[in-house]
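Throughout the sequence shown, residue numbering follows this note's numbering, covering 1 to 615 in sequence.
No lab work stands behind these hints, which were simulated from the structure alone. Accuracy of the hints is not assured; some may be wrong.
Pairs of lysine-lysine, DSS-like flavour, derived with a Cα cap of 27 Å [said to hold, decoys possible]: (1) K401 to K417; (2) K255 to K220; (3) K442 to K218; (4) K218 to K62; (5) K228 to K414; (6) K184 to K20; (7) K228 to K397; (8) K218 to K255; (9) K176 to K308; (10) K255 to K62; (11) K184 to K264; (12) K220 to K414; (13) K417 to K184; (14) K397 to K229; (15) K255 to K69; (16) K229 to K218.
So the derived label-pair ranges between C-beta atoms look like this [stated by the list, open to error]: (17) K176 to P12: 35 to 43 Å; (18) P323 to D269: 19 to 27 Å; (19) Q188 to E297: 32 to 40 Å; (20) K264 to D11: 18 to 26 Å; (21) E297 to D171: 32 to 40 Å; (22) K62 to S251: 55 to 63 Å; (23) T346 to D58: 54 to 62 Å; (24) E425 to D11: 54 to 62 Å; (25) V432 to Q412: 29 to 37 Å.
Note that the structure is a prediction, hence the values are computed from the model and not measured. Beta carbons: idealized from backbone N, C-alpha and C, even for Gly.
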Amino acid sequence: MITPAFELSQDPDFLTLTIKVPYARISEFDVYFDGEDFKFYAKPYFLRLTLPGRIIEDGREKASYNTDKGIFTIQLPKEIPGQYFEGLDMLTALLAPKKARSAKPLVEEIGNSAELADEQEEEEEEEELHWEIEQTPYQETVESTLHLQCSYGFGNLKSGVFQRLQDELSDVIDLKHPDSTPVKERRQKRLAAEAAKFDPDHYLADFFEDEAIQFVLKYKPWWVDAYKKKMASQEGSYQELESRTTFVVFSEEEKEQLRKFTNKSYLLDKRTCHQVYLSLVDILLAYCCEVCVTGGEKNVESPWSIRKLSATLCWLETFSSIPDVLVSFGRRVLCYPLYRHFRLVTRAFSDAAMVLQLGKSAVLKCLLDIHKIFRENDPAYILNDLYISDYCIWIQKTKSKKLAALGESLQQAKITKAHLGFELEELETAAVLVQEEESVLKAAGTVSKQQLPSSELETSDSEESSSTSSSETEGSDSDEQESSTSEDGKIHSSQGTLQEKRTAPLIDCNGLRRETNTLTLDLSNEKSKAPLPSTSVPGKLIEELGKQMQTAIKLSEQPEGLAATSYTALQEKGENCAAEPKILSQDPAGKVNTLDVSSCRNPLLFLDCTNEDKD
1 MITPAFELSQ
11 DPDFLTLTIK
21 VPYARISEFD
31 VYFDGEDFKF
41 YAKPYFLRLT
51 LPGRIIEDGR
61 EKASYNTDKG
71 IFTIQLPKEI
81 PGQYFEGLDM
91 LTALLAPKKA
101 RSAKPLVEEI
111 GNSAELADEQ
121 EEEEEEEELH
131 WEIEQTPYQE
141 TVESTLHLQC
151 SYGFGNLKSG
161 VFQRLQDELS
171 DVIDLKHPDS
181 TPVKERRQKR
191 LAAEAAKFDP
201 DHYLADFFED
211 EAIQFVLKYK
221 PWWVDAYKKK
231 MASQEGSYQE
241 LESRTTFVVF
251 SEEEKEQLRK
261 FTNKSYLLDK
271 RTCHQVYLSL
281 VDILLAYCCE
291 VCVTGGEKNV
301 ESPWSIRKLS
311 ATLCWLETFS
321 SIPDVLVSFG
331 RRVLCYPLYR
341 HFRLVTRAFS
351 DAAMVLQLGK
361 SAVLKCLLDI
371 HKIFRENDPA
381 YILNDLYISD
391 YCIWIQKTKS
401 KKLAALGESL
411 QQAKITKAHL
421 GFELEELETA
431 AVLVQEEESV
441 LKAAGTVSKQ
451 QLPSSELETS
461 DSEESSSTSS
471 SETEGSDSDE
481 QESSTSEDGK
491 IHSSQGTLQE
501 KRTAPLIDCN
511 GLRRETNTLT
521 LDLSNEKSKA
531 PLPSTSVPGK
541 LIEELGKQMQ
551 TAIKLSEQPE
561 GLAATSYTAL
571 QEKGENCAAE
581 PKILSQDPAG
591 KVNTLDVSSC
601 RNPLLFLDCT
611 NEDKD
């Protein structure tokens, strides 16, 4: 059978049930109610509820069906007109408990649930827990230690869970080997890990540069307005009691999740029940801080932040007093999240106190949001099985009066920076002194610069003069290098002329042969007077002149016609060649030696002159 979606509301005389059955057979449905029991059947839907008050059948009951929406609306008269039914939004608690499937259950509740609830309420009213008084921890014996040291989860009812989930262990909790670590050792390891994680530089940076912190603290979550409405209302009349239900409104998604939970009872002793309440405060503090920092917009870091800020979820910790919870939460706020400021700690205290004073509906709404955040994260869903799901079921059966008393104790609790154990006040004092010294030194440096301007000007003038002198020195050095280079060029050219003049007399000894060589020397001398100065090595020039002289010697041995032709080719190809026969030398007797040009062309001499022009 399918459990349909349903809602309950009330007025002074009637209890109204709204049941959604879109695929039901309207021709076959049945409604039964008597006292606190209510049953509805319309194939394939079945609903059974245990109501918080008694109803009767006196002819005033009404029922209607909306065919378009598939909704049944049933109005049932109250046995006592004007009675307020509390907890109509606790849908999981209204569902009837499922029967045990085993033939012989290990634990069996004797009597109906109403009698047990009345007895539990009487016990709670007779004896109230003093939240601010630190209770003496239970001293475990050797036998009980062997049995309880591996317990954790809601009410320490779980054990052996992480033996099957070793791969997800490091992504969920910080405690290694939780199934074999006793409670006392867990706390010691947690304190050591927090001391190693605390970063003074990060804390001081957020302490002095708190613009982002101030912006985060301006956000007001939904419970702030709900708390103001509650404080503005006056208690005593039914209308005011009815208005309380409007303080907290569940969404359709949250109602659907409440219907999915399995209704069950928890047998907790006094000490364990006290620990459950304190762990609830620890979880709410982590959630309120995360909502404040993110501005109510959940992100991918929200699962990590909530379980990191809560020692209950991250270290499977249990507490014995409210101060222990507050100190643990304060230390973790200053060690792990992005923003690490003490004002975030106090803001979370105030928010959690308001949620608790709003009653179990507000607490349940926060727990459902945490359940959704962990359900959508792959490794964190394990924490739902360990804590959050059981808290969502258990909180529906608690008294809002007890939660309000817990919230008042939390609001009155005082915690200072000295309680956290990180020497925060000493760090802040030392940082302020250093900042003041830096400001004084900075001011002194500014005054000294204003009092001594002439010395700075003299220093700058000396630097400029030194730079000017160095540039002048570099300029003179470059001029010297250029003059030395030009002088070297002149020396090389003069050396080449001397070499040519020294070579000419050696060849000028046998008539025409000497004159031809002399012509070649004169042509080379005319080329040396060209506008483009020669920068070649003198030795190379001598070698080229030697080759040209050998060519001239060969030409002198040819017939006169060939020599004249070669001379004509030289005259046409180069301006550097002589235009007419030139007097080369004169004998002591006064006879002039001239060069007779042959009319025949010498191809070798033509090519030699062309290459010489290109050179």
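A quick look at each hint next to the structure:
About 31 Å separates the Cα atoms of K401 and K417, which puts this hinted pair outside 27 Å; it is violated. Taking the CA atoms of K255 and K220, the gap is near 24 Å; set against the 27 Å cutoff, the hint holds. Restraint check for K442 and K218: the C-alpha separation of about 35 Å exceeds 27 Å, so the hint is violated. At most 27 Å may separate the alpha-carbon atoms for a hinted pair to count; K218 and K62 exceed this at roughly 49 Å.
Proximity of K228 to K414 is assessed by CA-CA distance (about 23 Å); at most 27 Å being required, the pair is judged to hold. For the given pair, K184 sits about 51 Å from K20 by alpha-carbon distance, which is inconsistent with the 27 Å threshold. For the hint linking K228 to K397, the alpha-carbon distance of about 25 Å falls within 27 Å, and the restraint holds. This hinted pair does not check out: K218 and K255 have alpha carbons roughly 30 Å apart, beyond 27 Å.
Between the alpha carbons of K176 and K308 the distance comes to roughly 15 Å, so the proposed pair stays at or under 27 Å and holds. Restraint check: the Cα-Cα separation between K255 and K62 comes to about 25 Å, which is no more than 27 Å; the hinted pair holds. Among the hinted pairs, K184 with K264 is inconsistent with the structure: their alpha-carbon atoms are about 31 Å apart, more than 27 Å. Proposed proximity of K220 and K414 is supported: the alpha carbons are some 22 Å apart, at most 27 Å.
The hinted pair formed by K417 and K184 meets the criterion: a straight-line CA distance of about 24 Å does not exceed 27 Å. Under the criterion of a C-alpha separation no larger than 27 Å, the hint pairing K397 with K229 is consistent with the structure, at around 24 Å. Taking the CA atoms of K255 and K69, the gap is about 18 Å. The hint holds against a cut of 27 Å. Of the supplied pair hints, the one linking K229 and K218 holds, its CA atoms being roughly 19 Å apart against a limit of 27 Å.
A hinted range of 35 to 43 Å for the beta carbons of K176 and P12 is inconsistent with their spacing of about 58 Å. Checked against the hint of 19 to 27 Å, the C-beta distance between P323 and D269 comes to roughly 23 Å, which is consistent with it. Between Q188 and E297 the CB atoms are about 37 Å apart, so this pair conforms to the stated range of 32 to 40 Å. The supplied range of 18 to 26 Å is broken by K264 and D11, whose beta-carbon atoms lie about 31 Å from each other.
Between E297 and D171 the CB atoms are about 23 Å apart, so this pair departs from the stated range of 32 to 40 Å. Range check, K62 to S251: Cβ separation about 28 Å, and the 55 to 63 Å hint is violated. Our hint of 54 to 62 Å for T346 and D58 holds, since their Cβ atoms are close to 55 Å apart. In this structure the hint that E425 and D11 lie 54 to 62 Å apart at CB holds, the actual value being about 57 Å.
Take V432 and Q412: their Cβ atoms lie about 31 Å apart, and the range 29 to 37 Å holds.
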